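**Q** 1 is the number of the first residue of the sequence shown in the numbering used here; add one for each residue after it.
Keep in mind that the hints were calculated from the coordinates and are not lab data. Don't take each hint at face value.
Computed cross-link-like contacts, DMTMM-like style, restricted to lysine to aspartate or glutamate with a CA-CA straight-line distance of at most 20 Å [claimed, not checked]:
#, residue 1, residue 2
1, 528, 468
2, 489, 303
3, 220, 303
Keep in mind that this is a model prediction, so the values were computed, not measured.
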Amino acid sequence: MNPYRQLPAHAFWKTAIAQRSMFDIDQLWAPKFSLSRDDKVVTFGSCFAQHIGNALINRGFNWYAAEAPPPGLSAEEAKQWNYNIFSARTGNIYTTSLLRQWTEWALDRREMPSEVWAVDGRFFDPFRPAIERGGFSDIDGLRRSQRATLGSFRNCIERADYFVFTLGLTESWFNRDELYEYPACPGTVAGTFDTLRHQFINQNFETVRGNLVAAFDLMKEVNAGLRVILTVSPVPLTATNSGRHVLVATMASKSILCAVADEVAAHSPYVDYFPSYEIISSPVFRGIYFEPNQRNVSPHGVDFVMDHFFSAMACSTGGMRGKDAPLSRDRFDPDCEEALLESFNGAKPGPLLQERQLVVLGNSHLAGVKDALSARQPPVVGIAYVPSSWLKISIQDLIRVNKLTEFSFSEDYAYAIDGVRIQRPETLVLVGFGLAGDGIIRAHGVLKAGFVGCAGVDISPAIPLIKEIDMNVVDFYKKSVRIMLGFAKLIEEETPYKKVIWIASPDMAVHSAAFRFGREFVDSGAYKLHKRAYMEAFTEENTSLHRTRFIFHADEKCCDRTGFSLNVYGASSNDWDIHCNKEYYADTAERLIELI
1 MNPYRQLPAH AFWKTAIAQR SMFDIDQLWA PKFSLSRDDK VVTFGSCFAQ
51 HIGNALINRG FNWYAAEAPP PGLSAEEAKQ WNYNIFSART GNIYTTSLLR
101 QWTEWALDRR EMPSEVWAVD GRFFDPFRPA IERGGFSDID GLRRSQRATL
151 GSFRNCIERA DYFVFTLGLT ESWFNRDELY EYPACPGTVA GTFDTLRHQF
201 INQNFETVRG NLVAAFDLMK EVNAGLRVIL TVSPVPLTAT NSGRHVLVAT
251 MASKSILCAV ADEVAAHSPY VDYFPSYEII SSPVFRGIYF EPNQRNVSPH
301 GVDFVMDHFF SAMACSTGGM RGKDAPLSRD RFDPDCEEAL LESFNGAKPG
351 PLLQERQLVV LGNSHLAGVK DALSARQPPV VGIAYVPSSW LKISIQDLIR
401 VNKLTEFSFS EDYAYAIDGV RIQRPETLVL VGFGLAGDGI IRAHGVLKAG
451 FVGCAGVDIS PAIPLIKEID MNVVDFYKKS VRIMLGFAKL IEEETPYKKV
501 IWIASPDMAV HSAAFRFGRE FVDSGAYKLH KRAYMEAFTE ENTSLHRTRF
551 IFHADEKCCD RTGFSLNVYG ASSNDWDIHC NKEYYADTAE RLIELI
């Protein structure tokens with residue numbers, strides 16, 4: 001007998017990791033606290049911290065924003081002016097020494113320095129250099145803003161039930177004479193760098209830990225019931241001044257921060273540590289949750305992290321559901337961009353905005369639907385086509401801002417599309433977004449863009465080669481299906497559209513599937529079993545929608561015996577291209593017209 005014989009399955013690598021799909025790994029966090037929907041939660045720290053605030057809002061929790069934007073600003077404008085990013089307008093607080101500094105200022109333990117940076121007649125706050133676009137017009141306005149933020153930060157400390165802080169960096173820049181810290185090196189965002197006045201310090205474990213403990217001790221003096229949740233940002237360093245390679249410097253910095261967070265949480269009953277860094281950065285997850293630059297965390301990665309957070313909290317929403325449904329983004333896939341640009345080329349809609357009642361909103365698969373409807377005789381008129389990856393803000397934000405009745409697009413696409421305003425919303429058509437089709441594959445991991453010289457494993461997740469359907473496979477797909485249905489439920493509850501029609505994503509053509517997954521997998525027929533399991537999961541979960549109808553593509557017309565689309569329906573000869581052409585969507589267009 002030994003102590004290991006009584007340990008649970010999650011204590012062993014084989015049963016917790018090796019024998020599981022990466023998407024089915026659980027029990028990564030055992031929370032010390034139980035978060036209720038009434039608890040006031042404030043969030044601060046590095047840029048990754050803002051995702052936690054967004055997730056709290058989207059799932060109906062009480063994210064507390066102490067510093068409200070001026071009246072008259074839209075939600076989008078407020079964020080552009082750095083309101084509602086963190087719970088007060090502090091900007092990023094990357095280091096524990098910055099957190100201690102802000103805490104001491106807010107609680108009147110130290111006076112905020114008077115330093116101001118003047119550039120071309122504008123004035124910048126050295127401690128929030130990016131907070132006001134273009135700087136302040138006068139110093140008085142800058143001081144008023146500083147006082148407002150200090151008061152709001154103190155308000156957060158005094159009133160919060162939970163203080164969530166995301167540690168980001170160990171590298172820091174100080175005023176050499178006065179020993180106060182800047183959030184960024186002077187001369188980068190604003191100001192002028194002076195080798196005599198400005199000093200670089202790469203903080204060690206004891207310094208990071210000491211400042212963190214000191215900051216929370218001060219907070220506990222004014223709010224004895226405050227509880228803290230620490231996380232570490234998985235976002236690597238943009239650059240390092242340490243003299244080392246940026247990869248090595250990143251690992252050193254994150255290792256210190258993780259060790260500090262773990263140490264403080266282990267010895268403080270009011271502090272817990274949530275492993276967001278580990279979930280994104282562990283080799284187990286193969287880097288699939290980073291964008292192509294291997295630095296920014298993708299929306300899918302953020303959703304994956306927050307799903308673990310709320311699942312562990314055992315909240316009543318049941319994990320990643322409802323208002324936090326993630327949507328696939330195709331912005332960084334050149335094939336997806338090509339499909340959209342070709343479809344919209346030379347067809348920029350006119351100014352007939354107010355009369356449009358039918359909105360077709362989709363990811364890159366929108367191109368096939370648009371082309372099919374445009375080729376139909378007689379043509380369907382009065383349609384507003386909205387590519388989701390061209391929007392200025394996310395669909396979830398649009399739902400909150402204007403109920404999906406007004407759409408504005410990034411300046412990069414102004415030549416191809418005009419803004420859209422819907423005065424009499426009738427029918428909303430969704431295209432793609434990971435429902436069925438390539439969504440079945442995305443449930444196993446990220447589908448990446450193709451490139452010259454790549455092999456299938458470089459750009460596609462591994463899909464189990466199954467020979468039969470069992471409940472484990474069906475239950476696996478239920479997670480993805482709940483996300484889709486939660487998004488549809490949100491649209492039904494929050495927007496004025498009388499009817500919602502969702503066109504599923506297509507199955508990729510056989511030649512693309514063979515390139516991505518291998519001929520053996522394609523010929524085995526395993527994909528057909530995965531599709532059946534997905535539809536079983538969909539049927540079991542689809543019980544609460546009232547105004548939403550779904551269009552799934554007809555296998556008998558579009559697919560061969562493997563379950564993938566016939567090659568004749570492929571959008572291009574590129575083996576990595578997952579899209580289908582307008583002929584594939586011709587039948588879908590007719591079914592859509594019938595439902596409209």
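**Q** Given the hinted pair residue 220 and residue 303, is their Cα-Cα distance within 20 Å?
**A** violated, 31 Å
**Q** Does residue 468 sit within 20 Å of residue 528, going by the straight-line distance between their CA atoms?
**A** Holds. Residue 528 to residue 468 sits at ~10 Å (cutoff 20 Å).
**Q** Holds or violated: residue 489 and residue 303, Cα atoms, limit 20 Å.
**A** holds, 18 Å
Hint 3 from the list above is the single one not met by this structure.
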